[in-house]
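S.K.: Okay, here's what each chain looks like letter by letter:
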Amino acid sequence: MDTVYAAVAGTVTACAVYLLLDRNLVRVLLGVILLSAAVNLGIFVAGRLSRGLLPLIPPGLERLGAADVANPLSQALVLTAIVISFGLTAVLLALVLRTARDLGTLDADDLRVSEPRREEVQA
Amino acid sequence: MTAWLPVLPVVAPLLGAALAAVARRQVPAQRLIALVATSTQLAAAGVLLAEVWRRGPIALHVGGWPAPFGIVFAVDLLGATMAVITGVIGTAVAVYARADADAGAERDGFHPLYLALLAGVAGAFLTGDLFNLYVWFEVMLAAAIGLLLVGTRPAQLDGTLKYALLNLIGTTFFLVALGWLYGLTGTLNMADLHLRVPAVENRGAVLATAMLLLVAFGTKSAVFPLFFWLPASYHTPLASVSAVFAGLLTKVGVYALLRVFTLVFAGEGTAIQTALCWIAGATMVTGVLGAAAQQDVRRILSFHIVSQIGYMVLGLALYTPLGMVGAIFYVVHHIVVKANLFLVGGVAERLADGGDLRRMGGLYRRDGLLAVLFAVPAASLAGLPPLSGFWAKLLLLQASLAAGRWALAATALVVGLLTLYSMTKIWNEAFWKDPPEPLPAGRVSGRSRALLLGPIAALAAVTVAIGLWTQPFVALAERGAATLLDPAAYVAAVRGVAP
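Sequence lines, in order, name chains A and B.
Residue 1 is where the first sequence starts when you use this note's numbering, and the numbers rise one by one after that.
Residue 124 is where the second sequence starts when you use this note's numbering, and the numbers rise one by one after that.
Just to be clear, a hint being listed does not mean it is correct.
Said to hold, decoys possible - Here are the in silico distance ranges between beta carbons for each label pair: (1) A:I57 - B:P277: 53 to 61 Å; (2) A:V17 - B:L574: 42 to 50 Å; (3) A:T11 - B:F351: 23 to 31 Å; (4) B:T125 - A:T11: 50 to 58 Å; (5) B:R177 - A:T11: 53 to 61 Å; (6) A:P55 - B:A581: 48 to 56 Å; (7) B:E391 - A:I57: 51 to 59 Å; (8) A:F86 - B:A144: 45 to 53 Å; (9) B:D609 - A:Y5: 36 to 44 Å; (10) A:Y5 - B:A405: 50 to 58 Å; (11) A:V8 - B:L524: 49 to 57 Å.
I should point out that these hints are in silico values taken from the structure, not numbers from a laboratory.
Glycine included, every Cβ here is placed at the ideal spot set by N, Cα and C.
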C-alpha cells in the first residue's frame, strides 16, 4: 500500500511542478494547490499506514507494535497543513483575481510593474 | 510567571493583534494597542534574555506534556537575543508607523497584521519543535502578504504575488522535509532529533532531507539562487513595512539555518558544508552586483540584504566557534542597521516624492539631521570603523582566515568595498548633488518629523553603541555560539533532565 501511495504522491508532484513552470498565474496557483496535496499524502505515508485500527492504546498493553494502533500524529500534522494551505490558497486566489482586474494580465512575463525593464525605466 | 516567560514575547503581540482586529474601527485605540504590545514584547524578551544568561537554556512544555510528546518552547541565548532584537525593531517601527502609515493603511488593518507578523517572528525564534516552526513560518507569511498589500500602489500587487508564490513554494519544501524527517525518526522535536538523526541508518535519506531544508530556509533567507522574490517586493509597500521585513524576515531564515544545521544535522565536513560555502560566496557577490545596477533607493537596499545574508551564511559555513560568533554578531548588527536604512529611505522618498536616485538630490541641505542619520547606518553596513559593521566583518574575516578559506575571505573584503560604493552612490545622488528642478513638494515637519526621526536616531544610537562597547555583545555572541556548537544544555532543558 505504501508503494501505491508513494507513486501517487510522486505523480501528483510531477503534475504540480509542470503547472508551476507555466507563465499563466492561474495554472501556477493550481500547481501550488496540487503540490500541497502531494506533500500531505507524503506526510500521511511517513506516519505509517494502517487499516481498521483505532488511535487508542488497548488496556493492558505493555509494548506497542506497529499492528496494534493507528498513528494519529501524522493525521494531525496533515490536518494542520490542510487548514494552512486552504487559507493561503484563498488569499492567493483573491490576489490573482485582483491582479487580473487591476493590472490586466495573468502572464507572469508581463507583470513588470514592480520591476520595470531597463528600457522602460529610461523612457 | 517565570514559567510562562518563554512564550510571553509571542503572546503579547498575538493578543495585541486580536485586540486590534476587534477594535477595527477605533484607529487611535489600535495605535495604543500596537505600542503597548510591542513594548511588552521588548520587555518580556529582555527579562527572558537575562534569565537565560543567568540560568542557561530554559524550556516550556506546553500543556505539561513532556518532550518529545508535546510542543515545547525552548530558549537558548541565540533565541533570546533574537527575541530582544525583534522587540527593539518592533517597537521602533511601531513608533515610526504612527507618522508613516496613513489613515487608509490603518483602516485596512495595518496594526493587527503588523502585530501578527511580530508574533510569528518571535514564535519562530523561541519554538523548540520543527512542525511548530513551520506553523510560525506560515503565520509570518500570511501576515506578510497582508502587510505588503496595505496601500494603493499597483506595484504592490505585482510584488506581493511574486513574494507569496515563491515563499509558499519554499514553505512547501519545508513541509516535505518534515514528512521525511518524521518518517525517518518518528519525532519533530529538535532536541530529540539531535539525539535520533545520527542513529538513522539511511544516510542518503538524511542528506536529502537536509538539502530540502536547505532549500526551504534558503528561500526564506533569500540566498543565491533563491532570492528573486526579495528585490521584486521589498521596495513596493509602506516604508514601515519594508523596514520590518528587511530587518526581521530574512533573518528568521538565517536563524533556522543556524539552528537546524547545528542542532539537527551536524554539517561539518559534509556536503552541507560545501554547499553552504558556495552559497555564501555566490550570495555575497550576486547581491552586491545586483545593487550596483539599481537606481531606486529601496531596491539598492533590497539587493544589499541579499548580499549581507551571504556573510551570515559564511559564518555558519565555516563551522568554527569564531565563525559562529561572527554569524550571530552579524545577524544582530545587520537587523538594526538594515531596518534603520529602510526607515531613512522612507523619509527620503517622502521628501523627494519618490525613490528614483536620478530625480533626487539636495536632501543634505533640506534636512541635515536626516543626512547624518543616513550616514551612520550606511557606514556601518559598509563596515567602516568604529561602527558595529566593522566588528562584524572583522570577526568573520578572522574566522575565515583562521579556517584557511582564503577565497571566501577575499570575496567578503571585495564585497565590503562594493557595499561602500553603493552607499556612496545613494549619498551622492540623494543627499549631496544639487536639488532637482522643480523642487519636490514633499514636506516632513513638526510632530511627524519627530515620530519619523526619533526611531531612526534610536536605532543609529544602537549601532554606535554596539561599535563602541563591542565586548559585551561579542561575549553574548560567544556564549550563544557555544550553546549552538555544543547543545547538551539545550537538549537537557528540553528533555527536563539535569545535564
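S.K.: For each hint, tell me whether it holds in the structure or not.
M.R.: Going down the list of hints, with the structure as the test:
1. Under the hint 53 to 61 Å, the C-beta atoms of I57 of chain A and P277 of chain B, about 58 Å apart, fit the expected range.
2. Remark: the range hint 42 to 50 Å for V17 of chain A to L574 of chain B is upheld by a beta-carbon distance near 48 Å.
3. In this structure, T11 of chain A and F351 of chain B meet the distance hint of 23 to 31 Å, their C-beta atoms being roughly 28 Å apart.
4. A beta carbon spacing of about 52 Å between T125 of chain B and T11 of chain A agrees with the range 50 to 58 Å that was offered as a hint.
5. Checked against the hint of 53 to 61 Å, the pair R177 of chain B and T11 of chain A passes, with Cβ atoms roughly 55 Å apart.
6. In this structure the hint that P55 of chain A and A581 of chain B lie 48 to 56 Å apart at CB holds, the actual value being about 53 Å.
7. Checked against the hint of 51 to 59 Å, the C-beta distance between E391 of chain B and I57 of chain A comes to roughly 41 Å, which is inconsistent with it.
8. A hinted range of 45 to 53 Å is violated for the C-beta pair F86 of chain A and A144 of chain B, which are about 20 Å apart.
9. The supplied range of 36 to 44 Å is met by D609 of chain B and Y5 of chain A, whose beta-carbon atoms lie about 40 Å from each other.
10. Between Y5 of chain A and A405 of chain B, the C-beta spacing of about 37 Å breaks the proposed range 50 to 58 Å.
11. Checking the proposed 49 to 57 Å range against V8 of chain A and L524 of chain B shows it holds: the Cβ atoms sit about 52 Å from each other.
Hint check: violations occur at hints 7, 8, 10; the rest are consistent with the structure.
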